[in-house]
Amino acid sequence: MAERERIEVISSSYRFTHTLNLFLYTMLIITGLMLFSIDLTAWLAYSVGSPLATGIPTTEPIAQGVQWARAWHRFLGHVWGALIIIYPLYLVITRRLTTFIPLKKGLRKQIREAVAVSKYYLLGKPLPEDIANNMDRHNILVAHTAILLVVSSILLSVSGLAMVYRDAIGLDLEGFRLMLLLHDVGFGMGVLYVLLHIFAVLDPMNRPLLLAMFGDGRVSLRWARNHMPKFVEKFLKKKEEEERIQEQLHM
1 MAERERIEVI
11 SSSYRFTHTL
21 NLFLYTMLII
31 TGLMLFSIDL
41 TAWLAYSVGS
51 PLATGIPTTE
61 PIAQGVQWAR
71 AWHRFLGHVW
81 GALIIIYPLY
91 LVITRRLTTF
101 IPLKKGLRKQ
111 IREAVAVSKY
121 YLLGKPLPED
131 IANNMDRHNI
141 LVAHTAILLV
151 VSSILLSVSG
161 LAMVYRDAIG
171 LDLEGFRLML
181 LLHDVGFGMG
191 VLYVLLHIFA
201 VLDPMNRPLL
211 LAMFGDGRVS
221 LRWARNHMPK
231 FVEKFLKKKE
241 EEERIQEQLH
251 M
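Residue numbers for the sequence shown follow full-length UniProt numbering, beginning at 1 and rising by one.
Keep in mind the hints are simulated off the structure, nothing from the lab.
One should not assume that every hint holds.
[Unchecked claim] Each computed SDA-like pair below joins lysine to any residue, with the alpha-carbon atoms no more than 25 Å apart:
#1 230 with 210
#2 234 with 12
#3 104 with 139
The model shown is predicted, which means the values in this text are computed figures rather than measured ones.
Using the sequences and the hints given, assemble the complete structure.
Below, the structure is given as structure tokens:
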């Protein structure tokens, strides 16, 4: 296989889901902040609510903007909730979920890899040869931050649904306050994940991955061999098996 060849490391379905999730999460943050801190976002609520309140003299523009934010936050929350349930299930069913593969390593190996990867990102120190040679599509830090994302998503989804349907489930004021607290905790964890994610993807080493995410999902084979050799090994093995099956079918 020529070194100039490019291989797919991010599927089209993942790129679509990532883009949709990016849009939904951003809109949920904006509308959520409008509900969480009306004083700080009054200018935004006014900008949105002013056109909506035109012709309704009894309605304040800010109040109208807040109602708009609440309606869209609830609607987009349901769409986002469906997305984070359906797509992971699809990955599990089709056996394409690779994020947590590093967790199969022993605890000592996980710790050693986590320390090595952290030193790379924070201090610029190269990875030890044995760790670099065994790097898969995702490293151990990605796997653990993904757990943070899962917990955040669960807290946001469960608490959000409980607050929206509080009357139907008989949620009292104390229960509502607890759900609101869990929602805030989930949001904080989600923001932490996003910051860590942005910090990692903006590293110059990961530029090919960033371009692949918003491009055709492919990177050069040379780059992949240097940064995810285990993934390339599996990719080439799968490709050889597919070619062998095709040859047998045409015999």
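Cross-check of the supplied hints:
Pair hint residue 230 plus residue 210 holds up; C-alpha atoms about 20 Å apart against a cutoff of 25 Å. About 19 Å separates the Cα atoms of residue 234 and residue 12, which keeps this hinted pair within 25 Å; it holds. Note on residue 104 and residue 139: the hinted pairing holds, with a Cα-Cα distance of about 12 Å set against a maximum of 25 Å.
Hint compliance for this structure: no hint is broken.
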